[in-house]
Structures are given as C-alpha cells and as structure tokens.
Amino acid sequence: MSLLQKLKNRVRSKSIHVCFVDVGSCNGCDIEVLACLAPRYDIEQYGIYVHNNPREADILLVMGAVTPQWVDKLVAIWEKIPEPKAAIAIGNCPISGCVYNRRDSYIDPPAAKHIPIAAQVPGCPPRPTEILAAILSLAPTIFENYEEKKR
Amino acid sequence: MSESIIWYLREFLRTEWIRKFLLAKTDPLVTPPYFKDYPTLTGKECTACYQCMMICPAPGAIAVLRHDDGWRPEIYPGHCIRCGLCVEACPEDVLQSGRVLEAQHRDRTGFRATFHLSIDREICMRCGNCCISCPVGREGEPDGAVLKIEKGGVQILNSDLCTGCKTCEVNCPNRGIRVARVVEGVQEAAA
Amino acid sequence: MKKTVDVSIPIGPMHPCWKEPIRLKCETIGERVLRTEVELGYMKKGIERIMRGRPWQEVMFLAERICGICSVIHNMVFIEAMEGISGIAVPPRAAYLRVVVNELDRMESHILANFSYCYTIEHETLAMYLLNVREIVLDQLERITGSRINTAYMIPGGVRFDITEEDAAALLAGLARVEEDVERYTRMFATSYLIALRSRGVGTMTREKAIEAHAVGPTGRASNVPECDLRLQHPTYQKLGFTPVCRTEGDNFARNMVRFDEVMQSISLIRQCIGQLPEGPIRGGGACTAGEITYQGEAPRGELTYYIKSDEYGRIIDITVRTPSIMNIEACTHHMINDVTSVADVTSTFISSDPCVACTER
Ligand code: SF4
Ligand code: SF4
Ligand code: SF4
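Chains as they are written, first to last, in the numbering used here: chain G, 7 to 157; chain W, 836 to 1026; chain C, 102 to 463.
Honestly, the hints are just simulated from the structure, not real lab data.
Incorrect hints may have been included.
Said to hold, decoys possible - The following label-pair restraints were derived from C-beta to C-beta distances:
#1 Pro926(W) with Lys126(C): 54 to 60 Å
#2 Pro926(W) with Val81(G): 45 to 51 Å
#3 Val81(G) with Ile130(C): 31 to 37 Å
#4 His902(W) with Ser8(G): 48 to 54 Å
#5 Glu223(C) with Thr850(W): 25 to 31 Å
#6 Leu13(G) with Thr850(W): 38 to 44 Å
#7 Glu851(W) with Lys126(C): 45 to 51 Å
#8 Gly53(G) with Asp903(W): 44 to 50 Å
#9 Ala139(G) with Tyr843(W): 33 to 39 Å
#10 Pro122(G) with Glu985(W): 54 to 60 Å
#11 Ile853(W) with Leu142(G): 26 to 32 Å
#12 Thr875(W) with Ala445(C): 46 to 52 Å
To be verified - Dumping the calculated PhoX-like pairs for lysine-lysine here, alpha-carbon to alpha-carbon at most 20 Å:
#13 Lys86(G) with Lys119(G)
#14 Lys126(C) with Lys79(G)
#15 Lys1001(W) with Lys983(W)
#16 Lys79(G) with Lys119(G)
#17 Lys79(G) with Lys145(C)
All C-beta atoms in this analysis are idealised placements derived from N, C-alpha and C, irrespective of residue type, glycine included.
Given only the sequences and the hints, what does the whole structure look like? Please build it.
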C-alpha cells in the first residue's frame, strides 16, 4: 500500500461529511439525527459533519419510506454524491416500510430497491447512540483503500 | 447592544461555564435501563397462545415459531417498532423489554383481547376457503371448529375458540369474512 | 408601479435549513422577495387510507407516526376521540399523567422549533444550548414512557405505565435544571442585539390577518389571538387553571418568545400535576364501539382535529385528520412573507412559524 493511500485512509476516516434526506418519514428519525448534533452526543468530535449538501457528502442517511415523489429524486441525489460514498438506512422506514407498509399506502419501500444501501440502523426511531455507532463502524471499512479497490 | 454584550459576558463568566469549557467531556453514551429496547426472552416457557402476535401493530415484526425444544417468539428488528405491547400482552411473561414487565407486575395492568367474526352475507360466495384455512380444531373432533359451511352458508360454531389470527380473512377472495381484534387495557384493583 | 418579477428562486426540497422536504418558490425583484408559493407533496404516505378498517391498537401507532415531533398529542387526541365515541371514562390519575406527558412533549417540540430558528439565523451557540436542554426533557419523557419519541403512552381508558415516587422526584429535578437553563436562554434571546436585527419586525402578521388566515398555535398567539389555545376547553387543563401565553408584535421574535414562555408554562403545569396527582388506578378498561365524533386538541403547533367514524368493534370506518401546520404554512406564505428584504429572511420567517411537513401531508 502506498504512503499516499495510507494518508488517504487516515484522512477519510477522520473527516466524514454527512447528508440526510427525508424521503417520507414521520420525521421522528430526522430529529434523532439532529439530536446527534447536540453537545450530549456531539457527533462532530468524531469528525462527522452534518452539512446536508449532497455535493460534498460522503455518507447519505436515508430516512423514510420512499414516497412516489422521491423515487426518481432519491436516485438523482445519490448520483450527485462524489465517490467514494455510502448510504445508510436510518430507522425501520427505509428497511421495511415500518407501519406504513400496508395495503392502500402510497409508499414504495425498501430504499435498497432504489439505491445501494451499505448499512441499516433498525429502530423506530433508533437512538442517537445507535446512529452514531453505525456511522462510525461503517466509515473506516467503506472508505479504506478506495483507489486500490477501484483498480 | 451593550445589554446584549453584558449578557454574553455574564453567560461566559459563570463558573459552571468555565469549568465545563476547561473540562469538557461528552456524557457517556449509555442506554438508560428504562429504555424499551427490542423485546428479549426471559427463558420462561411459551405456550403458543399467539397473544403477542395478535396485538403487534407493526407488520411482520414478531412470529411465534416452533423449535426442537418448544415454541419461541422471534422479534425482527427492522420491522419491530419497540412499542412493548407484546410484552404486556403475553400471559406467561415470556418476553421482556426495559421496565415494562416490572411496571406491569407492580401496577397489575394487562390487556384483555377478544376476537369477533363478522360475515357479510351479501359478499360471501360460500366457497368455504375460510373454514378450510382456519387452523383451530383441525386435528380434533369436528365440534372444535370455529367455522363450518352448513345450511347453504358459513356458520360460526364456536366464536370463543377464535384466536384472531386472520387466516380466514387473508384466504377469503372477497373480504367477506372479517375478524375484529378488540383489545381493552385493564388493571386489577390493588390487593 | 408595475411589479415585474426578476427571477423565481426555488428553495428546497433539500435545503440545509429544512429538516423535511418542502419547496418554496420565491418571486424576487433584485434582493426583495415579493411573494412566495409553497409546493407540497413530497411526503404523502396516505396514512388515513391505511388507518381504515383497523382497530385502535394499530391506528394509535399510525396516528403517532403522522408526526414524530408531536407524537404524543396525536396519540392523545385519537385516544380521547375513541373514548368520546365509546363513552369510556378515564381514571383521574391517568388524566393527570396524560397532561404530564403531553406537556413534556410540548416542551420538547417548542425547544426544537426554537433551535431550528436559531440555527437558521446562524446563531449556533444558542441553538446548541437549546438542543442540549432538549435532551434533558427527552430523558424525562423516556423515564416515564420508555421511549424518547413515538411514546405510545395512552390507551383507551387510561395510560400504559404508572409513575413511581422516584420517577416523580427525578422528573421534578430534571425540570428544575431545564427551568434554570431555559430562563437564561430566554434572556439571551430577548436581549441579544444581533438576534433582534434578524427577528424584530421581520415577517409581521397582524391580528386581523391571523384570524383571516386561521393561524393557530404559537403562530396565532404571537399575533394576539389567545382564544386559539384549545387547552382552554380541555377538562383537565380547566381544573389546573390555565391562561394562554400571548404577545402582540406578531413578528419572528414574538413567535419564538411565545414558545419560550410556553416552555416555562408547561413546567409549571407539570409541577401542578405532580403536586395534585390523585391516587388510584391508571386503567379503567372498556371496549371501543360504534359512533362518530369530531374531536380537537391543542398540539404544540396548534389546533389538531380528528374526525372519526367507527363500527361496532371499534374499527375505523372513516377518519380525517386536520393538522395545525396546514393553516400555519398558508398563513406564513400569504401574510408573513410579503415583500421581505432578502431570501435569507424567507427561510428564517418560514422556520419561525414552525412548519411540520410530515403532518401537513401525512
Ligand atoms: S422509522 Fe419510525 S420514527 Fe423513523 S421515520 Fe419511520 S415511522 Fe418515523
Ligand atoms: S415491541 Fe411492538 S412492534 Fe415489536 S414485536 Fe412487540 S408488539 Fe410488535
Ligand atoms: S403471548 Fe407469550 S405465551 Fe403466547 S405465544 Fe406469545 S410469547 Fe408465547
């Protein structure tokens, strides 16, 4: 492994930019992601920054049970994120559709049908600590040796 | 303007603030004991009464499965919304989650579920799917069945034997038979 | 002067200030924004359609998940409507516990709304302070109900868990911390020169306009419409002796101050409830039956209406929900964002009316 690659690995695992997109949730999960910003959990001490801008994001947090309006837009947002990237499904909604996944609803879960999902955080809503643990456990493995793997 | 600056100065000169600033430490990321997490097994024996499945509000969250050494409920994270209703509904205390079981014993609370069948005679085409699919009383004598086709229509023989599983409702091609799960929250008077 | 529009600026559906997807179209001349138009439809899940044909134990969870921030009030209004239909009486202890949990939820929601506002006007210090206070409130909610959000606490005929002596003591201790902190932050907010520049006199809505647009909740009460607080009609609140908070300015500043004051008011209501908590059972039983009702309650964002029709086993035949954000978003786009000086004020004014897209579209 080249020195440059080592440096990149190190930098990438210490600076993760997160973007979240709400594709039809009850916003319970949104506010739990926001709660991660609170000084109690302090997501920024791990080098995770919530910017909500797909163009500079590394990790996309998907919340909600994919409503018809979002089917194409979610893919568009996913394509705007520069490589290397990963998506995490937060909450039951993008995993299974939660309680909305019944006859007569408009939603189209799971989110994995539309974009590749690297990890899932089940719960309705998951605790901020669970969200934090998921991002932290995923980040080093997904971004490690990205250039070498690509070749 | 000056008032505002004074406020900020006072805010940042509090001893508490200075101490926190110098000794900043995030709270330990612990889960409090009263958090209702996914239900876990207590090790007591499950009698396969399906009360937990009947009350669960989330689709596909819980299933009571037969293992070599008996029945056991299984919770599926990703579907379960951690509401704790199954813990309260179970008469045998097989499941537990957070402080739910403890509070239930302390307050003597519980749920009472009854199941009612209603048949829409106009929609029903007397195919008998419901009677065949109903799992109750299959191996036993025919008197133990809930439903039977008789006198040119579906008759409800023993409605108190119904376990509310909705198998008949799912198998009915017309939604002619419907199962109502009526649940009451009850509390015994303190002894 | 003929007003011609230079350019129409879209804000959203993904925007750093929006937590939920919504799109505003701003028609601008130079820096000034003349009009805005709101575009909804990103969150429609059809919850009311899913609810039909289901008994209360399933609909309760769907109702809660109409909005995750004010989940308790959706639970409460739905359950009280079902109780109204079926003639189920609530034990007094349970009625007081409901008020405790509802007020905790209101505090949490108001603090979050003020956090969003401070974050939008880029006052991050105060925003983070508020977010940290909210954690204390959520701890108390978790202590009583077992979850932070989507608590599923109320059931027909009572509540799910009783509150013990230790829990009540811990709750009061937590509230004392919140009170001390929120009081300081309120003064920081009220006296700050920079916040006043961004908030005072921005997005003003008069009482006439507020009544015309049917603004509800803190948005209405900031424009001097105190009668829009439906807690005045709730029997338990009437017993507690309750007067709504009200301000006259009707601008962004007033809306945030109303929410700060209501947090303090909620603290005193909870203290009163814990002080007067009667002994007795917490569940009375009783099955849901057939009937029809229109029931209203005061959500953190304003008036929440449920129309319910049920069959003889308590299954929902028809249900309609009207949530407060519908009126507030309309009032905001028509009467507040009128000829404001810049696009930055559009976002802050919109956030100050505390819009909740999930419950608007359901
Ligand atoms: S998983 Fe639950 S809390 Fe999260 S958005 Fe879905 S319904 Fe809301
Ligand atoms: S906790 Fe609730 S959602 Fe989970 S399995 Fe039990 S009843 Fe179902
Ligand atoms: S309610 Fe309890 S005893 Fe009955 S099937 Fe479920 S886990 Fe087993």
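Verification of the hints:
1. A hinted range of 54 to 60 Å holds for the C-beta pair Pro926(W) and Lys126(C), which are about 57 Å apart.
2. Our hint of 45 to 51 Å for Pro926(W) and Val81(G) holds, since their Cβ atoms are close to 48 Å apart.
3. Taking 31 to 37 Å as the suggested C-beta distance range, the pair Val81(G) and Ile130(C) conforms, at roughly 36 Å.
4. In this structure the supplied range 48 to 54 Å holds for His902(W) paired with Ser8(G), their Cβ-Cβ distance being about 52 Å.
5. Checking the proposed 25 to 31 Å range against Glu223(C) and Thr850(W) shows it holds: the Cβ atoms sit about 29 Å from each other.
6. Taken as a hint, the range 38 to 44 Å holds for the pair Leu13(G) and Thr850(W), whose Cβ atoms sit roughly 43 Å apart.
7. The beta-carbon spacing between Glu851(W) and Lys126(C), approximately 46 Å, falls within the hinted interval of 45 to 51 Å.
8. Between Gly53(G) and Asp903(W) the beta carbon distance is about 48 Å. The supplied range of 44 to 50 Å therefore holds.
9. The hint said 33 to 39 Å for the Cβ distance between Ala139(G) and Tyr843(W), and at roughly 36 Å that hint holds.
10. Distance hint for Pro122(G) and Glu985(W): a CB-CB separation of about 56 Å, consistent with the stated range 54 to 60 Å.
11. Ile853(W) and Leu142(G) have their C-beta atoms about 31 Å apart, which keeps the hinted 26 to 32 Å range intact.
12. Between Thr875(W) and Ala445(C) the beta carbons are some 50 Å apart, a value that agrees with the proposed interval 46 to 52 Å.
13. For a cut-off of 20 Å, the pair hint linking Lys86(G) to Lys119(G) stands: about 18 Å separates their Cα positions.
14. For the given pair, Lys126(C) sits about 18 Å from Lys79(G) by alpha-carbon distance, which is consistent with the 20 Å threshold.
15. For a cut-off of 20 Å, the pair hint linking Lys1001(W) to Lys983(W) stands: about 16 Å separates their Cα positions.
16. For the given pair, Lys79(G) sits about 14 Å from Lys119(G) by alpha-carbon distance, which is consistent with the 20 Å threshold.
17. As the CA atoms of Lys79(G) and Lys145(C) are separated by approximately 15 Å, the hinted pair is consistent with the 20 Å bound.
Violated hints are absent here; each numbered hint is respected by the structure.
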